[in-house]
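Residue numbers (the working numbering), protein chains in the order written: chain C, 1 to 465; chain V, 1 to 204.
There could be a bad hint or two in this list.
Selected chain C positions facing chain V (in silico; Cβ < 10 Å) [what the hints assert, rightly or not]:
#1 ARG29
#2 LEU44
#3 SER102
#4 ASN104
#5 GLN160
#6 LYS161
#7 GLN169
#8 ASN171
#9 GLY189
#10 GLY192
#11 THR239
#12 LEU411
#13 LYS420
#14 GLN422
#15 PHE432
#16 GLY457
Please keep in mind that the hints were generated in silico from the structure rather than gathered at the bench.
Note that the Cβ used here is the ideal one computed from N, Cα and C, for glycine as well.
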Amino acid sequence: MKKTMYEKIWDSHLVVDVEGQAPVIYVDRHLMHEVTSPQAFEGLKISGRKVRNPHSILATMDHCVPTKNRNLPIADLIARKQIETMAENCLENGLNLYDMKSPNNGVIHVVVPEHGFVHPGMVVVCGDSHTATHGAFGALAFGIGTSEVEHVMATQTLPQKKSKTMLVQVNGELSKYSTAKDIALAIIGKIGTAGGTGYVIEYAGDAIKALSMEGRMTLCNMAIEAGARAGLVAPDEKTYEYLNGKEFAPKGDNWELALAYWKSLPSDTGAEFDTVITLNAADIAPQVSWGTSPEQVIGVDANVPAPESFDNEGKRKACESALAYMGLTANMPITDIKIDYVFIGSCTNGRIEDFRSAAEVAKGTKVADGVTAIVVPGSYHVKEQAEKEGLDKIFIDAGWEWREPGCSMCLAMNGDELSKGQRCASTSNRNFEGRQGKGGRTHLVSPAMAAAAAAAGHFVDIRKL
Amino acid sequence: MQPYTKHESIAALMNRSNVDTDQIIPKQFLKKVERSGFGVHLFHDWRYNDDGVTPNPEFELNKPAFQGAKILVAGDNFGCGSSREHAPWAIADYGFNTIISTSYADIFYNNCFKNGILAIIVSQAQLDTLMAEIASNEGGKFIVDLENRQVTTPAGNGFTFEIDPFRQGNLLSGLDDIGLTLKHVDKIDQYEAQHKQNYPWLWA
């Protein structure tokens, strides 16, 4: 039988499949951060259970960590306790932790690939919905809840319902002004935030093959924003080249063995998917979200939609309430929207390629009056590389703040946040109400679009710069 | 986990779609290292005025008729966004043990069942009927019978719902998932031994 990549990974990880019980699958890698793990460790301790395979776990601290004055103790006492608890739990259970002081520290989904901890064909979980990122390597990677974190620690397995399969085929060539972020947003705009519910998406087509590994990570990262369990891209020469030589990548004879296995993973020609969606890359303009759900997104050359332009009542109501919250008027050009804040970073767009593309636009400009613009690298390694290339100087000369790594304003848990009514051009993944601070207004864009908005003080069509 | 028993409770109405986990429990409450005490923060940004303390009278769950409700009837794609289990912890701690909607985000749906919350899926037509009934009779009580997969309403808009028998059994018995999986520990051992042979580079 011809199989999709998802089916191959699923079949090879099935541990228990008995009548009347959810199938149980094996978990190869378990990623961790400070927010969704403490209650799992507590549960484990109460029940007297142990971590089954400590080597399968890599942990970091990212959500609550400050992005400035890292040498000082964390001012927020509850956050400090969470950070300390993480350190104690990792020490007690013998887990590999890149703590706040480690040169390897950063956002979990940026750090893990840097060290080659995830390989094609693995099952990877983390108490974080953006675990989907690692699908870029052809690994089945998905977010889980804290009870499931405990379950995986105790058993190295997880009861799972098998997903349906969706092929998202992106044909043709992307314009040089559009990025993986724009593909991700355009897909969500097309299928909606519940469009992928119950599915694992495989991204394919020339435009996907042409993406760098960083771009594929950005794309898969936002599979969850389309409601999908996970996103996948077939491994290819770019994947192998990226992994080769990394700390946790296979070495010597094992490299050859692994490579042969990885090459068997892509979906068989003619394998059937439950649903197929097709997009033409050339049609994807740089995207800007205008509402409070990632599906409320449109090309930068378009106007903010009017509620009556939707034929579905729910969407009409959602549009009305989003426009009210966002303080926008129907039919106004996207490029007329003025901003107060710019954030470049996050597990979506916090990698070296993102800062290169933003710096190219920021070079020689000045942040507009009244606008605060911050750059938050995804990890210390990204920061170091960017500094080696002089990108930090470009941003600082243009009036940006160059920060320490962390999740920062993607979810505003660490004190970096918008005040009520402030409007932000953000390279993160969610524009929900209050996500970047109560009453804050978020517009999701690519790094280059964010950099252009910082200089102009409003959104601009980077194709016309 | 408490076993889920048949109950008669007020059904509260939340006629909104795409209610995300950032609304259910905003991020400033995710720093705690305990599992309890999240109920007071449920829907914080909607529920309280700008002072963060006094209740916002405009917010639907603050209506006197909905106080003490155990059933939440909400629009589609409920629980989308982050994987935070703090969302179902807050919902359960507030007092809800049942949600009725047309659809849920995947991770949220799984998390509900791990915390004794029954998430019932109905058709759009059924949801519209239930919403209309609650709107015209706020404070009316529904009966939820999980064993027979049945919901009864005062106006006679009751229905039978589908649920995975495994999830149904676990909710009814209050059984711990981990214990259930560990019954198969020999299979996990066997799988792992084979796994080491097939994929030696993962164990190097």
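Verification of the hints:
| no. | hint | result |
| --- | --- | --- |
| 1 | ARG29 | 9 Å, holds |
| 2 | LEU44 | 9 Å, holds |
| 3 | SER102 | 21 Å, violated |
| 4 | ASN104 | 20 Å, violated |
| 5 | GLN160 | 9 Å, holds |
| 6 | LYS161 | 8 Å, holds |
| 7 | GLN169 | 23 Å, violated |
| 8 | ASN171 | 28 Å, violated |
| 9 | GLY189 | 14 Å, violated |
| 10 | GLY192 | 8 Å, holds |
| 11 | THR239 | 15 Å, violated |
| 12 | LEU411 | 5 Å, holds |
| 13 | LYS420 | 8 Å, holds |
| 14 | GLN422 | 15 Å, violated |
| 15 | PHE432 | 4 Å, holds |
| 16 | GLY457 | 27 Å, violated |
Checked against the numbered hints listed earlier, the structure breaks hints 3, 4, 7, 8, 9, 11, 14, 16; every other hint is satisfied.
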